[in-house]
Amino acid sequence: MRRDKVALMSETEKKQYYTKMVYRTFPVISLSLLFILWTNVAKGSDFPSPKETYDRLILLFERPIRGFTLLGHIKESLVRISLALAFNWTFGIAFGILIGWNRKAKAFFTPLFNAFRAIPPLAWIPLITLWFGSGEMPKILIVIFGSIASVVVNTQAGMSNV
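All residue numbers for the sequence shown refer to the working numbering, where the first residue is 9 and numbers rise by one.
Honestly, the hints are just simulated from the structure, not real lab data.
A hint or two may mislead.
[Stated by the list, open to error] List time: in silico DSBU-like cross-link candidates among lysine-lysine, alpha-carbon distance up to 30 angstroms:
id	residue 1	residue 2
1	K28	K51
2	K23	K13
3	K59	K83
4	K83	K147
[Stated by the list, open to error] Cβ pair distances, simulated, as ranges:
id	residue 1	residue 2	range
5	G52	S90	53 to 59 angstroms
6	K22	A123	44 to 50 angstroms
7	T33	P134	45 to 51 angstroms
8	F99	K22	17 to 23 angstroms
9	G52	T98	50 to 56 angstroms
10	K13	I127	24 to 30 angstroms
11	Y62	M17	23 to 29 angstroms
Since we're looking at a predicted model, the values are computed, not measured.
Beta carbons: idealized from backbone N, C-alpha and C, even for Gly.
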């Protein structure tokens with residue numbers, strides 16, 4: 009059936025059809041090669057095989073680690089991210105509106121904010137850990153510090169153009 013359709017196609021349509029088929033098979037081929045490479049590397053080393061990795065994944069779903077299964081840890085991470093994003097959207101948008109509309113506020117806060125932005129998000133991790141310990145709040149603060157700058161900058165840019 010498919011060969012009949014291809015036979016009736018023009019040369020341009022055939023080229024497009026075969027190109028589309030090649031691009032559909034590339035992901036399958038690359039994942040297959042990765043899987044074969046992974047299996048061969050794992051044979052002669054301490055590197056876990058795909059089967060061992062799969063078995064461990066199933067175990068993570070069944071047996072709790074520090075009181076939570078894998079899905080419990082995922083849920084906790086999503087709660088932290090949600091709290092951080094709620095904070096960022098609330099205060100980041102408000103701050104962006106302030107410095108986008110008010111020239112005096114922009115002149116006052118921009119140097120401070122740019123100094124804050126110049127610090128990479130990963131550099132905040134040891135500082136926040138030293139200041140706040142290792143509970144839930146430091147984890148939320150790291151996400152806040154890592155993402156608030158983009159909210160403020162984009163809101164400020166949008167407000168400046170209004």
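Cross-check of the supplied hints:
1. K28 to K51: Violated - the C-alpha atoms of K51 and K28 are around 36 angstroms apart, more than 30 angstroms.
2. K23 to K13: The given pair, whose Cα atoms are some 13 angstroms apart, holds under the 30 angstroms limit.
3. K59 to K83: holds, 26 angstroms
4. K83 to K147: This hinted pair holds, its Cα atoms lying about 14 angstroms apart.
5. G52 to S90: 53 to 59 angstroms: At 45 angstroms between Cβs, range violated.
6. K22 to A123: 44 to 50 angstroms: violated, 59 angstroms
7. T33 to P134: 45 to 51 angstroms: Since T33 and P134 have Cβ atoms about 46 angstroms apart, the given range 45 to 51 angstroms holds.
8. F99 to K22: 17 to 23 angstroms: violated, 57 angstroms
9. G52 to T98: 50 to 56 angstroms: holds, 54 angstroms
10. K13 to I127: 24 to 30 angstroms: violated, 59 angstroms
11. Y62 to M17: 23 to 29 angstroms: violated, 42 angstroms
In this structure, the hints that do not hold are numbers 1, 5, 6, 8, 10, 11, in rising order.
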